[in-house]
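> Guided by the hints, dock chain B with the ligands onto chain A, whose structure is given.
Residue numbers (this note's numbering), protein chains in the order written: chain A, 29 to 353; chain B, 17 to 297.
I should point out that these hints are in silico values taken from the structure, not numbers from a laboratory.
Treat the hints with caution; some may be incorrect.
As the list claims (entries may be wrong) - Sample of chain B residues facing chain A (criterion: CB under 7 Å; computed from the structure):
1) 117
2) 121
3) 125
4) 129
5) 131
6) 133
7) 135
8) 137
9) 138
10) 147
11) 153
12) 155
13) 158
14) 202
15) 219
For each residue, glycine too, the CB sits at the ideal point set by N, CA and C.
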Amino acid sequence: MSARVNAITSTPALRARRRLGDRFGDVFLHGLTGAAAAAAGALLVAIAWKIFDIAHPAISKYGFAFVTRQGWDAIHSRFGALDLIWGTLLTSFLALLIATPVSIAIGLYLSELAPRGARTVIASLVELLAAIPSVVLGLWGILVLGPFVGQDLGPWLHRHLGFIPLFDGTPQNAGILVAVLVLTIMIVPITSSICRELFLGVPTELEEGALALGATRWEMVRGVILPYTRTGVGAAVILGFGRAVGEAIAVTQVIGAGYGIHWSLFATGDTLASKLAEQYQSATTKIQTASLVYLAAILLVISLLVNLLAQVIVRRFSHQRTGGS
Amino acid sequence: MDTMGAVAPIEIAQAREAPLSASDREAVFETRGLTVSYGKAPAVSNVDLPIYRNLVTAIIGPSGCGKSTFLRSLNRMNDLIPSAKVDGEVLYHGQNIYGDGVDPVEVRRRIGMVFQKPNPFPKSIYDNVAWGLRVLGMKDDLDGRVERALTQAALWDEVKNRLKKGAFGLSGGQQQRLCLARAIAVEPDVVLLDEPASALDPIATTKIEDLMHELKNEYTLVIVTHNMQQAARVADMTAFFTLERTESGGHGVLVEYDETPKIFTQPDDKRTEGYVTGRFG
Ligand SMILES: Nc1ncnc2c1ncn2[C@@H]1O[C@H](COP(=O)(O)OP(=O)(O)O)[C@@H](O)[C@H]1O
Ligand SMILES: [Mg+2]
Numbered sequence: 029m030s031a032r033v034n035a036i037t038s039t040p041a042l043r044a045r046r047r048l049g050d051r052f053g054d055v056f057l058h059g060l061t062g063a064a065a066a067a068a069g070a071l072l073v074a075i076a077w078k079i080f081d082i083a084h085p086a087i088s089k090y091g092f093a094f095v096t097r098q099g100w101d102a103i104h105s106r107f108g109a110l111d112l113i114w115g116t117l118l119t120s121f122l123a124l125l126i127a128t129p130v131s132i133a134i135g136l137y138l139s140e141l142a143p144r145g146a147r148t149v150i151a152s153l154v155e156l157l158a159a160i161p162s163v164v165l166g167l168w169g170i171l172v173l174g175p176f177v178g179q180d181l182g183p184w185l186h187r188h189l190g191f192i193p194l195f196d197g198t199p200q201n202a203g204i205l206v207a208v209l210v211l212t213i214m215i216v217p218i219t220s221s222i223c224r225e226l227f228l229g230v231p232t233e234l235e236e237g238a239l240a241l242g243a244t245r246w247e248m249v250r251g252v253i254l255p256y257t258r259t260g261v262g263a264a265v266i267l268g269f270g271r272a273v274g275e276a277i278a279v280t281q282v283i284g285a286g287y288g289i290h291w292s293l294f295a296t297g298d299t300l301a302s303k304l305a306e307q308y309q310s311a312t313t314k315i316q317t318a319s320l321v322y323l324a325a326i327l328l329v330i331s332l333l334v335n336l337l338a339q340v341i342v343r344r345f346s347h348q349r350t351g352g353s
Numbered sequence: 017m018d019t020m021g022a023v024a025p026i027e028i029a030q031a032r033e034a035p036l037s038a039s040d041r042e043a044v045f046e047t048r049g050l051t052v053s054y055g056k057a058p059a060v061s062n063v064d065l066p067i068y069r070n071l072v073t074a075i076i077g078p079s080g081c082g083k084s085t086f087l088r089s090l091n092r093m094n095d096l097i098p099s100a101k102v103d104g105e106v107l108y109h110g111q112n113i114y115g116d117g118v119d120p121v122e123v124r125r126r127i128g129m130v131f132q133k134p135n136p137f138p139k140s141i142y143d144n145v146a147w148g149l150r151v152l153g154m155k156d157d158l159d160g161r162v163e164r165a166l167t168q169a170a171l172w173d174e175v176k177n178r179l180k181k182g183a184f185g186l187s188g189g190q191q192q193r194l195c196l197a198r199a200i201a202v203e204p205d206v207v208l209l210d211e212p213a214s215a216l217d218p219i220a221t222t223k224i225e226d227l228m229h230e231l232k233n234e235y236t237l238v239i240v241t242h243n244m245q246q247a248a249r250v251a252d253m254t255a256f257f258t259l260e261r262t263e264s265g266g267h268g269v270l271v272e273y274d275e276t277p278k279i280f281t282q283p284d285d286k287r288t289e290g291y292v293t294g295r296f297g
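Excised from the complex, chain A in its bound form (with noise of 0.2 Å):
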C-alpha cells in the first residue's frame, strides 16, 4: 500500500519538471491565444486604417457633409453618400421586416411542428439556400423574379396597395422591391437556422410546465419559447442585417442602378455596396475612387455598429432570461 502511494508521490525532481512543463504549456498557450486574438485584432485595425487613408482625399475634399449630400455626378466630381444610405437602409430594412416573421416561422416549425423524420431534411435543404453564391442567386433574380416583380407582383401590389407610398409608381423588372427579395432570401437560411437553435435550446420543462397547465402547443409557443429566446432572435435579426447591408453582388444585378430618395418600392436604387462594386474598377479620376472609398468607409462603420448592437443584446441576453423586471 505505503509502496504504491510512493509511486505517485512527487519527488522535488518531478515537482521541479512538472512545474516546468506546466509553465511552458500554459506560456505556450497564453501565447497563442493571445496572438490570434490579437491578430484578428490588428486586421481589423489595419484594414480599417487602410479603408480611411485611401478614402482620405475624398474625407479632407467633402469633409461629413458628404454623408448628408445627395447624388454622384462624376463628370463634375461631386459626390454624395445620402441616396446610397438611404437605399442600403431601406433594402436591408424591408428585407428584414419580411425574413423575420419567415424566419420565426421556420425555426418553430423545424423545432417544433415539422414531422420529426422531416425535420433534419428540411432544415439542411433550407440552410442549403445559404449556399447559393451571391452572383448565382443575383442571376436568378435577374432572370426570374426580377421579370415576376415587373409584371405580376409589382401591378398587383400597385392596383391593391398603391395608396401606401412604397406601392406608388411604375413596377420594373428592376429595383428596390427585387433587391429587397434578393436579401431576403439571402437572410432567411442564416435567420432561420439561428431561431431553430434558439427555439430547440429552450429547455423541455420549461414546455412540459406549460403543456401540464393546459396550455396548447401555441400558447406554449408564445408564452414560453418566444419569451426565453426573444433576445437571441433579436441579435440573429440583426446579425442578418448586417448580412444585407453589406451584400454587393447580387443587389447590384438587380437594384438597377438608379439615383434618389424614393419611398416607391418600384423605383431603381443604389446601395453604398452596389455603387462600389459597380463603379470601383471603372472609376476615373482618384477622388471619384477616394470617394467610392469613403463609401466603404461609412459602411464599415454601419456594419461594426450592427455588430456590435448585436453583442450587447447577447450580452443581455442571460439578464433577460431570467424573466420579471
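For chain B with the ligands alone, kept in the frame of chain A given last:
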C-alpha cells in the same frame, strides 16, 4: 441508490385522520392493464391501480421502475415523447383519457403536474402564476387568484413584496412552491407531483410535505417519491412498484397497493417488505 440508510425506522404520522373507509372512497383514476413502452421496450407493464379522491397517493419503488412514466401517463404528458406508446386504459372519472376524441389539452387542464426539477417560467413571480390563468381564460380577479394560489402554496408572505421580480431569483424550495402555486391556481382536479422535493433541502422538503396535508382537502394528489419516510409521512395510500427482470431487460410492475400504514408495517408481498425495510436487492 435511495437516500435513506439501510434500516431506518419508519415513522407513520399517527395524528393523521384516518383515510376514508374503503367503501366511501371514490376513484378519480382507474388504470386498467396500463402498459407504457418506449419504442418496443415496456417501461411499466400491466398496471391496475385506482386512485382515490382527496387522498394523497404515493408511488414508491427503486429508480427506473417506471414511477415517472406511470405518473406522466395520467395526464398524457407522455404524448410529448415521440417513442412513448400507451396500451390499456386510464379511466378518469370513468372516461378513458386515451380514448378517441379526447383532447390531451383538456386532460391537462384538469390534471396538473409539478416536476422533479423546479421549472418556473422566465417571467416574474406574479406572471408565473397568472400565465396559466390567462391562458385558460380565468381572468376575473386575477390578482385575487394569484394571491390565493401563492397563499395555498405557503409562499405568499415570502414573495408578496417582490411579485414583479423574476422567478429565478427565488431559492430552489421557493421555486418549487411557485410551481405548485402555478399548478393549483388553475383549479385542477388532480395534482401529480414527481419527486417534488428531491432537489430541495430538508426545510424546504418539510414545507412541501406540510402543504400536501393541506391541499388534499381540495385536490387529489399523487406523489412519486423514492424517499420512503416521505411517503410514510404524507400518503394515505401507497403503491409499490418494482423492476421485474426479463431476458430482454426489465420493466416496472405494480407489486402492492394499500393503505400506507399497511404497506410499511405489514405488507403482503415479500418484495415490498424487503424494500421498505431497506433489504432491497
Ligand atoms: N424518454 C424516454 N425515452 C426512453 N426511455 C425512457 C424515457 N424515459 C424513461 N425511460 C425508461 O423507462 C424506464 C422507467 O423510467 P422512469 O419512469 O423515469 O422511472 P423512475 O421514475 O421510476 O425512476 C427506465 O428504464 C428509463 O430508462
Ligand atoms: Mg422518475
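> With reference to the structure, classify each hint as holding or not holding.
Evaluation of the provided hints:
1. Here the hint on residue 117 of chain B is broken, as its CB sits about 17 Å from the closest CB of chain A, past 7 Å.
2. At a threshold of 7 Å, the smallest CB-CB gap from residue 121 of chain B to chain A is about 5 Å, leaving the interface hint in force.
3. With 7 Å as the threshold, the beta carbon of residue 125 of chain B comes within range of chain A, its nearest partner Cβ sitting at about 3 Å, so the hint holds.
4. The interface hint given for residue 129 of chain B is met, as the beta carbon of that residue sits about 4 Å from the closest beta carbon of chain A, less than 7 Å.
5. Nearest Cβ of chain A to the Cβ of residue 131 of chain B: about 6 Å, under the 7 Å cut. The hint holds.
6. A distance limit of 7 Å between C-beta atoms decides the matter here; for residue 133 of chain B the minimum to chain A is near 6 Å, and the interface restraint holds.
7. A cut of 7 Å between beta carbons decides the hint on residue 135 of chain B: the least distance to chain A is about 4 Å, and the hint holds.
8. Hint status for residue 137 of chain B: holds, given a least beta-carbon distance of 6 Å to chain A, under 7 Å.
9. For residue 138 of chain B, the interface hint holds, the least distance from its beta-carbon to any beta-carbon of chain A being 4 Å, beneath 7 Å.
10. For residue 147 of chain B, the shortest C-beta to C-beta distance to chain A is roughly 6 Å, which falls under 7 Å, so the interface hint holds.
11. Restraint check, residue 153 of chain B versus chain A: the minimum CB separation of about 11 Å is more than 7 Å; hint violated.
12. The restraint placing residue 155 of chain B at the interface with chain A is violated, with a minimum CB-CB distance near 14 Å, outside the 7 Å limit.
13. Taking 7 Å as the C-beta cut-off, the interface hint given for residue 158 of chain B is violated, the closest approach to chain A being about 15 Å.
14. Of the supplied interface hints, the one on residue 202 of chain B holds, with its beta-carbon coming within about 6 Å of a beta-carbon of chain A, less than 7 Å.
15. Proximity of residue 219 of chain B to chain A is violated relative to the hint, the smallest CB-CB distance being about 23 Å (cut-off 7 Å).
When the structure is compared with the earlier hints, violations turn up for hints 1, 11, 12, 13 and 15 and for no others.
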